[in-house]
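For chain A, the structure is supplied; the task is to place chain B on it using the hints.
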Amino acid sequence: MIHKLQTRNILIALFFLLISTLPLNAYVGPGAGFAFLSSFLVLFLTFLLAVFSLISWPFRFLLRIFKGQKAYKKSRINKLVIVGLDGMEPTLAEKFMAQGKLPNLSKLKNEGTYAPLRTTTPSISPVAWSSFMTGVNPSKHNIFDFLSRDPRNYMPDLSSARIGSPRRTLSLGKYNIPLSKPLIKGLRKSTSFWKMLGDHGIFSTILRVPITFPPEKFRGHLLSGMCAPDLKGSQGTFFFYTSDKEKIKKREGGINIPVTVHNDKIETYISGPENTLLQDKKELTLPVKIYLDKNKEEATIEVSGQKFTVKKNTFSDWIQLTFKPGLMMKVKAICRFYVSQIHPHFEMYITPLNIDPEKPALPISHPFIYSVYLSKLLGSYITLGEANDTWALNERVLDEKAFLDLTYSNHEEWEKMLFNAIDKTKKGLVTCVFETTDSIQHMFWRYLDPNHPALKTDQANMNAQVIEDLYIKMDRLIGKVQEKLDKNSVLMIMSDHGFKSFRRGVNLNSWLYQNGYLSLKEGKKESGEWFEDVDWTKTRAYALGLGGLYINQKGRESQGIVSPGKEKRELKKELSQKLSGLKDDQDGQEAINKIYDIDELPPGPYKDNAPDFVVGYNEGYRVSWDSVSGKVNSRIFEDNAKAWSGDHCIDPPQVPGVFFCSQKINTSSPSIMDVAPTALQLFGVNIPSYMDGHSLIDSPQNSSSRKQK
Amino acid sequence: MWIFNSVLGKIFEFLFYPFHNLSPWIGMIFISFLTGLFMLFVFRHTSNQQGIKQIKNKIKAHLLELRLYKETLSQSLKAQRNLLGCNLKYISYSAKPMLVMIIPLILIIIHLNLWFGYEPLSSGNTTLLKVKLEETHSPLSTDVTVEAGKGLKVDSPPLRIEENSEIDWRLLVHKRGVHDLYIKVNGEKIKKIVVATTHSLHKISSVKIQGDFIDSLLHPGESPIDDHIPIHSIHITYPNSGMNLWGFHIHWLVAYFVLSVFFGFAFKGVFKVSI
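First to last, the sequence lines map onto chains A and B. Reminder that position 415 of the first sequence reads as 415 in this note's numbering, one-by-one numbering, no gaps. Reminder that position 38 of the second sequence reads as 38 in this note's numbering, one-by-one numbering, no gaps.
Restricting the straight-line Cα-Cα distance to at most 30 Å, the calculated cross-link-like pairs of lysine-lysine (DSSO-like) are:
id: 1; chain 1: B; residue 1: Lys78; chain 2: A; residue 2: Lys416
id: 2; chain 1: A; residue 1: Lys426; chain 2: B; residue 2: Lys78
id: 3; chain 1: A; residue 1: Lys484; chain 2: B; residue 2: Lys89
id: 4; chain 1: B; residue 1: Lys60; chain 2: B; residue 2: Lys268
id: 5; chain 1: B; residue 1: Lys53; chain 2: A; residue 2: Lys289
id: 6; chain 1: B; residue 1: Lys96; chain 2: B; residue 2: Lys60
Which chain A residues stay away from chain B? Per the calculated CB distances, all over 12 Å, these:
id: 7; residue: Lys74
id: 8; residue: Lys181
id: 9; residue: Thr191
id: 10; residue: Lys247
id: 11; residue: Glu298
id: 12; residue: Leu485
id: 13; residue: Lys572
id: 14; residue: Gln654
Simulated from the structure, these hints should not be mistaken for laboratory data. Just so you know, even glycine gets a beta-carbon here, dropped at the ideal spot from N, CA and C.
So here's chain A without its partners, still in its complex pose (with noise of 0.2 Å):
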């Protein structure tokens, strides 16, 4: 009791000191101090911002008035909502519907639409998304494939976007100091349906639409999807450790990092980006110090001033890691670990490094700030344009349940970004592009497919029910997205192409070296990466990339041969006679469906830019993976054993999309590129003549001149 007593006098001494010390009134001491600085600044911040934003409004409305954007003015709709899941597949759409496993998609069918998509050609992402934006068709966007080559020198490049060294740099001793931006320039051309409802005062938010990179101004919000590089300016290099030295190889898509163990202790490094601070440009690195417990089955991990332990088999979070070039400046990147083993051999693997949407070493978003607002609300989030690390699985780095845990975690933060951007406009477009289809599909199509070659490798653990589950996780999330729309909205899901079976690749240069279109170099039977053993002025034709087949053509190659006019057309008849209907020597099935040339194709201002012919692949088939980096040897045709067993390169009218819309439409065939027109009528804004697409729902006018009839 006693003890009780006192315990009680001496609390109510210390609570009388805390109130009333002598010099100390009014005053609670330093350490309140930041709590109270930091949030009375918030406080003045948000009060400030607050009256600025209350008083400036009726202004803003009254200039977007005078400026004549009456925006909404003729809309038919509030809100417009565009889900892109990258190669939804419409045979598997239609039987998963038909066994009742995707009753959201279902109800959109039978309440409003569902078509088949025709696609682009060639039925790539970047050639279909780019024709989904500007509803034009590839030779007026200028963008046929992932990669362009360079006539000056055979070498690929990026298609869509060409990053390059300020203009102006300032040499100081070691340094070459940049005195201006560095030369980020997008490469698609005509103008996105989202820019002209711009124009017109529609806002818009675009999440990882392929082909966003560099972010364009226009009036909204957008985030960067494929093609957006990662901080080693790459389309995604991953990282593979490993104290194995039987694994130790060329791994494409990454870099292979051998480590040394020694008392469980590691000491390695994380090569950067290239230190173009510096006259020699030498890559950066980060030293890492890796700690295993055998024990617990992890690994404590020291990198950029940061510890975290990670187990095996599991993800870390993001990770932030800082490169300092010099002259006190930083570069930042996120990335995630991933250890695959801890004994007898240690294996890591570490995402690309992405560009920290927080601190972006590049543009990824308009605003530039969209991108860092997105990051401070949801947490770090993947940045690469091609984000799910499909390598990754091919090389044997992740297996098949880490690169689905992989992808579906990129997925979820892609979901958050949508459902944030959904809530938040209430009048305008919505347009999110989930890659989490197309990378799912493309690595385990296999399932699907028994009598598919990459199912005889120890790779294969799975089942079909892997893309079954992806479909009602598709539909799960298109229920969620239709809870949140009212009668006023409308909501169309799409995707840009379908999918097919990779068995069989292709190499198309091998069959041009064979059939004497293309030439090597003395005493060479076979050529390396890149045409390196190919002798130019002897070779007619070449192919590079995923479709496109190139002559070597006198004028517009560095060492062309090809005369154009009647010599060109004349090989490019014969080409086409002979590759269409190509046979696969294995078992007599036919491996080309038809070769487009793109004389006959339509026309555009860049049509100059594509490639000769667009291989139409039969279902099956598709270039092979050699001659996509312009290899030659003595195989024409060869079984394509890797993950990556699913494709849609080929005949583009075998793999058409899905469109789902909740609205009826006036076609059973409706095109990838009507759905930029048909969102310019939705929002009342007049569709430019210039573009290929058509409108899928009637305008206010054909309707009463329908009824009239």
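For chain B alone, coordinates are given in the frame of chain A:
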């Protein structure tokens, strides 16, 4: 309590030892720097660092939202509402470290008041010595005398104020230094220190007190008066000190607050503390 005060006092004496003859600002900057680091340490180990990081990110996101959705009035208002909500949560995250910090900081401030609160007396100055008796003892009937040490002189007869139970003397400082003063009562002799040094930074205790836990805590400069002696307190009047900044006189507490918070913010990155 005195042992605790004495140990704490020695620590401060040790910390300020190099600064006795320097500008008080140097000592102030030094102790503010140490306080800033101390606050960071406490903040790091007692606060929800992850929560603070997240809520600060949310605050920044809502601030950016105001800019991004400036044309949509309803979104701007929502962002402001969210900002206020996050701010309240942020303050709540700071409450725990604040409560942990407040006790040691009060102790520090009490001790700092001895160093920065008063100026030493000067030679030729007079000051008041006030002896307050226990209420049970009348100043008129209690025999209290003062014995001044070297450098001090009792300059007036005692003034006995019955209603305050107080006896006052005027003292004259005629020599610089730290002087002892003795108050005699009922045969007991109590020592009180009088500071009249030329040091710009010196510990000055204006009051010696007989009291309970709180009194002892608040007046840690000298050992307390024994309980059986009928004197409650002995007080020497010193001129108030202040920090001179380009001719402006500012309270030392203000300088301490600003500087310690400044150092806290300046070094939060070095020590990886989210504030």
